[in-house]
Amino acid sequence: MVKVAAVVVTFNRLEKLRNVIASLEAQSLPPAWLVIVDNASTDGTDAYLAGLQSSVPLHVVSMAENAGGAGGFARGMSEGYVLGADHVWIMDDDCYPEPDALERLVAGFDGAVTELGPEVPFACSVVKFTDGSICEMNNPVTTWDWGRLLVKGQKNVMVTACSFVSVLVPRWAIAEHGLPYAEYFIWFDDREYTLRLTRRCPGVQVLDSEVVHDMGDNKGVNFSMVNADNAWKFAHGIRNESSWLLHHNGLIRWIEFGFRLLVNFRGGRVSPRLQLKMYRQYLRGIGFNPPLRFPEPDRSELTAGRRAL
Amino acid sequence: MPILAAGTTASPPCSYGDCSASVIGGSAPGQREATIISPLRDYLDQPAVFEVVADDVAAHALSERERRILVGAINAHVLTTPDRELTVHVYEPYGDYTPRTSDDRTFDGRSRLYRHRRFTLTVRGTVTATPALVSDARQIPLLASDTRHLMLSTDETARRKPEFVRPGDLRGKVLRRARNAAPLLYDELRDVELLRHRWRITRPLKRRDYVEDFRPGGDYEHDRLEVAGPLRPGAPRAVMVGMHWFELGGAERWAFETVRLVREAGFLPIVLTNRDSHHEWITRDELDGCLLLPLSEPTAMSQTPGSEQLMRTVLENFDVRGVVVHHSQWLYDRLPFIKASRPEVPTVDSTHIVEHRRGGFPASSVRSARYLDVHHVISPALSRWMTGVQRIAPERVVMAPLGGLTVEDTGVDTVRPRDTDRPFTVAFVGRLARQKAPEVFVEAAARARAQHPDIRFVLHGHGELAPWVHDLVAGAGLEDVLERRDDTVPVVETLRAADLLAITSHNEGLTLTTLEAVAHGIPVVSTDVGAQADLIPAEALAPRNVHLAVRRLADLMVRYARDEGARARLWESERAAERRLLAHPSANEWFEEMVSSW
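Those sequence lines, one after another, are chains X and P. Going by numbering that gives the first Met the number 0, the letters in the first sequence line up with residues 0 to 308, in that order. Going by numbering that gives the first Met the number 0, the letters in the second sequence line up with residues 0 to 597, in that order.
It is possible that part of the hints are untrue.
[Said to hold, decoys possible] A few chain X residues facing chain P, derived, Cβ under 10 Å:
1. LYS2
2. TYR47
3. TYR80
4. VAL81
5. LEU82
6. GLY83
7. ALA84
8. PRO117
9. PRO169
10. ILE173
11. GLU175
12. PRO294
13. GLU295
14. LEU301
15. ARG305
[Said to hold, decoys possible] Between beta-carbon pairs, the in silico distance windows are:
16. ARG306/X <-> ASP55/P: 30 to 40 Å
17. ARG259/X <-> ARG175/P: 29 to 39 Å
18. GLU296/P <-> VAL262/X: 50 to 60 Å
19. ASP45/X <-> GLY167/P: 54 to 64 Å
20. ASP45/X <-> ASN179/P: 56 to 66 Å
21. LEU301/X <-> ARG170/P: 10 to 20 Å
22. ASN229/X <-> GLY167/P: 39 to 49 Å
23. SER62/P <-> ILE133/X: 29 to 39 Å
24. LYS151/X <-> GLY167/P: 33 to 43 Å
25. GLU255/X <-> SER62/P: 34 to 44 Å
26. ASP479/P <-> VAL1/X: 53 to 63 Å
Because the hints were derived from the structure by calculation, they are not lab data. No experiment lies behind these values; they were computed from the predicted model shown. Built from N, CA and C at the ideal position, the CB exists for glycine as well.
The following block holds chain X by itself, in its conformation from the complex (with noise of 0.2 Å):
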C-alpha cells in the first residue's frame, strides 16, 4: 500500500485551510500522513491547529518565522521524508483537491512509471479556477513530445516544470535532487525545483487528477506586470531567477534574462523607480547561491558539540 504525506504549508489563510483539510481528509485514497507547515501565522492558525482532530495522522510543523512557500515547502518535504512516504504531495493553503485527486494522481504517476521508467520525478494535477476555468498561473510546461503517453492510452501529459500547487514527488527523488532551495522565500522555488527534478527524465500531468485554486484572480503573471503593490514578490521572483540563470545555466542565459526584463518592463510601462528596484534583485543573484540541501544532516550538525537540554 503506497504511502503518501499530504504537505500543505500555510500562512494566515485559516479559512481556506479549513477547507483544504477537509479536501484532503474526503480523499479516496487517503494520505497516510497530513503535515502542515505553519510558516508563523499570525491568524488563530496555530491554536486551530492545536486542537485539531483528524482521520489522517496529523504532523503540525509550526516554523519560527516566516519562511516562505520555499523555506515551508522544503521543510514539509523534509518532513514527509523522515516519516518514511513513498510520495510528498505538496500544495498551497489554497488547493482544494478533488476527492480522486489523489488516487488518479498516483495511478498516474504509476502508469508513466511503468512507459518511461523508474525515473519519473513528479506528477501533478490539473489546477482549475474556482470557476471550472483553467488556473491561469499554474499550468505546466510541457515536453516537446508531450502526446507520447497520451497516444498509449494514457492521460498523462509529459512536463518539465510546474508550480507547488498538487505536485506528487517520490522520495527517491528528494534524495537523488535534494529539496526545494529554501532560500528562494517565494516565486521561482517550484520552476526551478521542477526543472531541477527533470533534468533526466520529464515529469507528468495527469489529466484527470484535479485540484482547485483559490486565488484571488485568475491571472498569470509576467515582469510587465510589476507595481508597486506585487514588487515585494517580483524581487524575491527575479533575484532566484537571475542566481538560478547564473549559476546553473551560464552567463549568456543570465544575460539573456536582463534584457527580457527590459523589454519586458518597457512594455508594461513599469515605472523607472521600479525597474531600478528590479534591476538590484537582478544583480542581488550574482552572490546569491543557495546551496544544495538534502534530507541529512548537515556537516555541521555532525561535528557540533553537546547541545544542552
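Got chain X; can you put chain P on it based on the hints?
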C-alpha cells in the same frame, strides 16, 4: 504486554535455549529453582524481543541472511527504546552500502540511502527498563520518535563483497590509484607513515578510568553514571558476546566457536557486532537461537554515556552471567558500565594481533584492563606483550592457542611428499584484504617464476581487493601459472594441492592457516609478523618490509622447490613448534571450562 507474569505461558512459545517459560533447576551453583520468564518471542524464525503488531508478507520472503539482520536490527531498537510501539520502515538496498540497522540515522530517517520503501512493520517490545538519562538536546528527536528506518543489502552484494568506495572521497581515490600503479612502493610509504604510530605500542598504554570521565573536565562531564536497575525476576540466563562483524576470518571463527560453547553451556548467547558489514556469515549454525544485535554505527546520539539505553535493557531483562569481547570496540566501551552495574559478572576478551597503528584490539584490551577480569591471547608473543610491555598481571593473561578449532587431527606425521605429476605448487590462503598483502605474493611469485620456470601457484581467497588482485596477476603475466580460487573451494583442497604455503601478511597474530598447513604436512614460509616466529624457524621467515619480503619469499619458494630435504626439515621444525604450542590447553578447553563456571 511487555513481559509475562510469573507462571504464565509465553505466546508464541519460544524454543531458544532455556528461555521458554518453564521451571528449571540448578542453573548455577547455589541458585534455587527459578521460573524463567522469557521476553523472547519468535519472528521470522528468529529470537526477538518484540511482538509484531502489523506484519507484512514481504518480510517473510526475505532470505535467511536478511531475516537475521532485520530481526537483529529491530531487537537493537527495542532494547534501546523499550516499552514502545515502533513503526519500522524497511528500505530497498542502495548500491553497495552495508545494512543500516542501529545508527543514529535509523532513528530519524535523515539519510539519502532510504530511497525506496520496501515494507513497514509495527512492533511492540517485550522488554522494559528503568529510564535512562538523556543529557544532550540532540538525542531527543531520535529517542522520542516512534519510527525507525532500516536498510538491508542484497545477498548478491554480500557474496560479491565489493570494496566500498565512498562517493566524493578524493583522498581515497588518489590513494587507490597510487596503490594500483605501484603497490609495493605504496606499501613502503604506508610503512613510513606508520612509524609515527608504532612507538605507542612499545610503551604501557594509559588505563581508562570510567569514573574520572564523569568528573569536571572528563569526556562525560555533562553526563552522570546511572547504573542499570535490578534484574527482572525470572530473567533467562545469558552470556553477551561482542564480535567485530559476521564475516569469516580467524578471529571470527574463534568467536563463533565461543558462541557455540556458550549455548552448549545452557546460556542464551546475546551476540552483538558493531562493524558495518553485509554479514554474509550471520546464517552460520552457531548463531541459531542466539539473540543477535548487528549494530551499525555511529550510535553516539542514541546511547547516553553512563546510562546506556541498550545495555541497560539487556542487563535488566537478561541474567547476564558473563561478557566475552572479540574485537568489538562498542562492547569494550560499555565494559565499565557493565562492571559498574553488575560487578559480579565476569568479563573476558580475546585478542590476536597488535596492530601497528595504535595497537588495535590488544590496545583496547589494555585500556579497558580495569574492567576486564581475563585477557585471553592466542600466542606466546602477544602474551609477552601483555605482561611485559603492558604490565598486565600475568595471572590475568591466559595464553591458549586456537589449535583444534579448525585444525583437525590429520594423523600426518611426515611432510607430504611432492606429487611428481605436477609442478611444485606454492599456495596463498587468506582474505584478499590489505593486511594479507596479496600483492607481495603476486610479486614474489613472478620473481620465483623467473628463477624457476617449473613452479605454479594457487591464490586462494576472496575479498574486497579481488578485482585489483586479478589485475595484478594479469599485469605480472602469471595467468597461466597462477590459479585463483575463492571461498567456494574448501581450504583443505588447496592445501592438498600445494607443496608450500606462503604467508605474506603485513601483520598477523598467529595464523590458523599456518597450523592447518602444518597439520596437512605442508611447510610454511612467512613474513616475520605477529607471532609467526613462534611457529616458523628463522630460515623460513622473510622481513616485513615488502621489497625485502618479495625477494626473500621468492628465494625461499625456489629453494624449497629444488631441495626436497630442506622442505622436509622445515616441516619437521614447524611441526615440533606446533606441538610445543599446542601443548598448552587449547582456547576451546580453557573457554569451555570457564563458561561452565558461570
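At a threshold of 10 Å, is the proposed contact between GLY83/X and chain P supported by beta-carbon distances? Given a least distance of 4 Å, the restraint on GLY83/X holds.
Interface hint compliance - PRO169/X to chain P, C-beta minimum distance less than 10 Å: At 8 Å from the nearest chain P Cβ, PRO169/X passes the 10 Å test, so the hint holds.
CB-CB spacing for GLY167/P and ASN229/X relative to the 39 to 49 Å hint: 42 Å, holds
Hint validation: ARG305/X versus chain P, beta carbon distance must be below 10 Å. Holds or violated? 5 Å, holds
Verify the interface restraint on LEU82/X: the C-beta must sit less than 10 Å from at least one C-beta of chain P. 7 Å, holds
Against chain P, is TYR80/X within 10 Å by beta-carbon distance? 7 Å, holds
Hey, does the LYS2/X contact hint survive, CB to chain P under 10 Å? Check passed: Cβ of LYS2/X comes within 7 Å of chain P, closer than 10 Å.
GLY167/P and LYS151/X - C-beta distance against the hinted 33 to 43 Å: Holds, at about 39 Å.
Can you verify the interface hint for ILE173/X: is its Cβ closer than 10 Å to any Cβ in chain P? 9 Å, holds
Under 10 Å, Cβ to Cβ, is where GLU295/X needs to be relative to chain P, so tell me if that hint holds or is violated. For GLU295/X, the interface hint holds, since the closest Cβ of chain P sits about 5 Å away, which is under 10 Å.
Under 10 Å, Cβ to Cβ, is where ALA84/X needs to be relative to chain P, so tell me if that hint holds or is violated. Where the cut-off is 10 Å and the nearest Cβ of chain P is about 8 Å from ALA84/X, the hint holds.
Note whether the CB distance of ASP45/X and ASN179/P lies within 56 to 66 Å or breaks it. Holds: the Cβ-Cβ distance is about 60 Å, inside 56 to 66 Å.
Of the numbered hints listed earlier, those contradicted by the structure are 2, 17, 19, 23 and 25.
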